[in-house]
Amino acid sequence: MRALATLIALTTTTAAMAVAACTAAPPAPTPSTSTAEQTTTSPAQEDTYMQIRLSTGAGEVTARLYDNPTARDFASLLPLTLTVHDLGGREKAGTLPRELADGHGRSDYRAGQLGYWAPSHDLAVYYLEDGFRIPSPGIVMIGEIETGLEAITAESAGTTLTITAA
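Those letters in the sequence shown? Residues -18 to -1, 1 to 148, per mature numbering (1 follows the signal peptide of the UniProt record, and there is no 0), in order.
I should point out that these hints are in silico values taken from the structure, not numbers from a laboratory. Certain hints may be false.
[Claimed, not checked] Pairwise CB distance ranges (calculated):
| hint | residue 1 | residue 2 | range |
| --- | --- | --- | --- |
| 1 | D84 | A136 | 25 to 33 Å |
| 2 | T63 | A136 | 12 to 20 Å |
| 3 | E132 | D84 | 28 to 36 Å |
| 4 | D29 | S138 | 32 to 40 Å |
| 5 | T146 | T77 | 17 to 25 Å |
| 6 | A139 | T30 | 28 to 36 Å |
| 7 | D29 | G71 | 30 to 38 Å |
| 8 | D68 | H103 | 28 to 36 Å |
| 9 | E128 | R72 | 15 to 23 Å |
| 10 | R72 | S118 | 12 to 20 Å |
| 11 | D112 | S58 | 30 to 38 Å |
| 12 | D29 | G140 | 30 to 38 Å |
| 13 | H86 | A40 | 15 to 23 Å |
| 14 | G41 | D84 | 25 to 33 Å |
Just so you know, these numbers come straight off a predicted model, no measurement behind them. Just so you know, even glycine gets a beta-carbon here, dropped at the ideal spot from N, CA and C.
Use the sequences and the hints to build the structure in full.
Have a look at this one:
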């Protein structure tokens, strides 16, 4: 009888160990490595590199450039005058005179943000959030408007935009 009790105890212990070994914690989620899938960063999380001014026929806009390599490279182009056109009813875009240091692209944006589209070397000034997802390689955010966004939305295609250090 004692042998039977020992056998039952060993069997129960072995079964408990097998169950414990099979119920490991689930693996931690793997962070996305796609640069186009990064989420929006709130304004308070972006350090300011410098203040800039955007001037149009409709008025003046004040903005700040973020402290990232692409924004610093953009600042080296100032003062700058671009001809901008409307794109998708959500942004004004103008081609820069040269390629900028590329950063981490993302697929989302907020109204009032300034972005760099590397494939065509464009500056984008977003004035409307419509849920559009930026295709790969994504848009590199370089700054955001602080005041005067309405001066950007009031402009039509072919408008001249002058950008200077504030």
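Structure-based check of each hint:
At roughly 31 Å, the beta-carbon separation of D84 and A136 lies within the given 25 to 33 Å, and the hint holds. In this structure the supplied range 12 to 20 Å holds for T63 paired with A136, their Cβ-Cβ distance being about 18 Å. For the pair E132 and D84, the supplied restraint of 28 to 36 Å holds, since their beta-carbon distance comes to about 31 Å. Checked against the given bound of 32 to 40 Å, the beta carbons of D29 and S138, roughly 34 Å apart, stay inside it.
One distance hint, 17 to 25 Å for the beta-carbon pair T146 and T77, holds here, with the actual separation near 18 Å. Remark: the range hint 28 to 36 Å for A139 to T30 is upheld by a beta-carbon distance near 31 Å. Here the CB-CB span from D29 to G71 is close to 31 Å, well matched to the stated 30 to 38 Å. Taking 28 to 36 Å as the suggested C-beta distance range, the pair D68 and H103 does not conform, at roughly 18 Å.
Checked against the hint of 15 to 23 Å, the C-beta distance between E128 and R72 comes to roughly 20 Å, which is consistent with it. At about 18 Å, the beta-carbon gap between R72 and S118 stays in the expected band of 12 to 20 Å. Restraint check, D112 to S58: a C-beta distance of roughly 32 Å satisfies the suggested window 30 to 38 Å. For D29 and G140, the hinted distance range of 30 to 38 Å is satisfied, since their beta carbons lie about 35 Å from each other.
In this structure the hint that H86 and A40 lie 15 to 23 Å apart at CB is violated, the actual value being about 32 Å. At roughly 31 Å, the beta-carbon separation of G41 and D84 lies within the given 25 to 33 Å, and the hint holds.
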